[in-house]
Amino acid sequence: MRGKSGGSAVSDGAATFPKLLAEHAARHGGRRIALKEKRYGIWQTITWAEWEQRVRRFAQGLASMGFARGEPLAILGDNRPEWVISELAAQSLGGMSVGLYPDGVLEEVEHVIQHAQVRFVVAEDQEQVDKLIALREAGRLETVERIVYYDPRGLEHYDQAELLHFPDVERAGEEFEREHPGWFDEQVASVAPTDIAILCTTSGTTAKPKLAMLTHANLLSMGSSLMSLDPIKPRDEFVSFLPLAWIGEQMLALACGLQTGFAISFPESSQTVRADLREIGPRVMFSPPRIWQSLLSSVQVRLSDAGWVKRALFGLGYTVGKRAAERRLRGRRLGPLLSLAYPLAAATALRPVRNQLGLVRLRRAYTGGAPLGPDVFTFFHAIGVNLKQIYGQTEICGIAVAHRDGDIRFNTVGTPIPGTDIAIAESGEILLRSPAVFPGYYRNEEATAEALRDGWLHTGDAGYLEEDGHLVVIDRAKDVMAAADGTPFSPAFVENKLKFSEHVEEAVVFGGEERAFVTAMVSIDPETVGTWAERNHLSYTTYTDLAQKPEVYDLVRDAVARANADLPESVRVRRFVLLHKQLDADDEELTRTRNVRRGTLNDRYADIIAALYDPDAAAVTVKSVVTYQDGSQAERDITLRVAAVDGRPRARPRRRLRELIGSGA
Amino acid sequence: MTVVENLLLGRHVHMRHYVAPSFLYFGPARRQEIRERELVEEVIDFLELQAVRKQQVGTLSYGFQKRVELGRALCMQPAVLLLDEPMAGMNAEEKEDMARYILDVNELAGVTVVLIEHDMSVVMDISHIVTVLDFGVVIAQGSPAEVAAEPAVIKAYLGEHV
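Going down the list, the sequences are from chains U and V.
First residue of the first sequence: 13, per this note's numbering; consecutive thereafter.
First residue of the second sequence: -15, per this note's numbering; consecutive thereafter.
No incorrect hints appear here.
Derived DEER-like restraints, expressed as beta-carbon distance ranges:
id, chain 1, residue 1, chain 2, residue 2, range
1, U, 201, V, -2, 53 to 63 Å
2, U, 78, V, 112, 39 to 49 Å
3, U, 644, V, 61, 36 to 46 Å
4, V, 49, U, 614, 37 to 47 Å
5, V, 32, U, 455, 36 to 46 Å
Hints listed in this document are in silico derivations from the structure and should not be mistaken for laboratory results.
Glycine included, each C-beta is placed from N, C-alpha and C at the ideal position.
Given only the sequences and the hints, what does the whole structure look like? Please build it.
Here's what the structure looks like:
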């Protein structure tokens, strides 16, 4: 084993989430804002004192209903103040919160709640309550005793005895406080840093999600290690728009937020996130690659709709920005010419684009959870966004390795954050050790024993350390394979190459030793391809119809050929199919964090994969089963073309934006 | 006009208009504007129009435009709301949304809704009382189930066995 240490971390040993909340409330009281939520078009604010008081009331309300110490509280809903009030309330009573993804289907909700034996659930609105009631009436959620909702709309006529309105629980808490003065403060004081704070679902690309137990000490040590590297100030803004069930959101919003005391803003609805981001202007942001990709796509689409003056201006500014970024990332100074040109480019082209995206005040941005294409990286650095890759897992509170400012290389994930030791096992597996490593999976000792061996967290990822200590992650260890000629090959790497095309939404690449060549299943991005079809006078009816147009095949063939250009001969994509549908987490094809689930896809699309490797097959017929949110299903037959890719992309009549932003310029 | 302006228009019948104060930033005109905007925002929340609040209505999809129309009617705070074929020209999803909002208007806002509609599935699904007309003559009245069983209705709307 080869080891590397990132130094020591500083962390207050006795701190817990509820204690930190109480401290902020005592220090800032009603003077400083802790939470903001946009409602009725206005940012409504909650001060630290108010947050603490609502936590106090809700916790006591729960206690009056029999919520026991150490018990889990499931939370099912979009990001709202009530989410974090509930979480802190459970933690104040020595309990733990279990976040559920609000778009999860019945089976996912059932699995987590059953597995954790949850008695109390906080659900946002009618949609979520309906899921729980449907499961209960089917006799599949025996453990649940109380469901607390906070958006009463549409629930007036529900008469289920287990349903309770959030304010009613808070009122019960006030009552409880009159009868038991001082009880709540004792509870908060007795919460130990080694108590479990949250049960966090792992992404589950292979199996049903496991529940990782994370203690207060785990989360806070990770937060303080990260912030010792990249300080966050109390006045910094943060917008919480990704699911709080995800470790990444817990990490910044709560683990860093409660230590620093910055304000968390919740957007008005999932459709208004862009506009709300622009209004708040966050200083720090952590998003999975898909968010960055979709931001880039939106710039690409808007630019291709812009007039030639704007396009030319952006093209010039972008070239300057890209050159400047390349020098800065290598830690070099700008030359005399660039020092003159850069401020001009920044003012005319780069800053306005950043402003449109709501990233103008952003000091640091992180991406993690899956690899991000180098081209997307280049784009954000060129427009002046300090985007950094981080690497971690739910089991180590989300972050263990990160890029340092001024030392960013697109092919690596950076160096270990302070307090984290890293080693590479004989097998090539990445091993991690830090105070943030979890104590185990909830009620799953077998999996715990497999993940935690000899004090190291076995990540299941394959990777290696470069000379200067940067970690390179190849892929999930079991996904790394060898091409027919023995070249090592990671499907995810090729997929990310393909996904750089704004027309490709998801790609799944097949290959390996037993397969003669590499192939891909691609799902197109309905918005960008739709716009493209409109501009090229191509009429279509549905997503399936659009995907099967020969013209769209030509379009994607070019994208594949461009991706192939950067790849070694033996791992180039030779044949591909455009899928009749978008990959969807509701169909179990993606995880809730949008990673592809290869096992499911291999089984479900066996016919397509067979056709991809049958040189005579020009088309394949598949049965499509669509699962709707309510669990019902529909089936139909669809014929998909199989296309071959050889040679280079067709020459284009005009230099297009993609080349500009991509490899060329 | 934007969605917000459109909805504020629905408030006009309830506003007082004085010429002089309207020129001043502070004072009664401002207070009135704030009050009315509050009500409009509640309607926006109710019909889930947050994402398009500041967009020009003309640029929105048909389903959204219809929703704004419904919103403007709601802003007038009517006791009875008469909707003439609110589902006309809509696709299945837009129809479902509209049906949901009509139910909400009735149940949450407590407004009686008179719905003129010939989409049978919608009528039968959401109505409390159905009145059937055949060339201006009432031929049946009652609950959806009663009406559907009425021979005169079957004759007029579905035809007879030959």
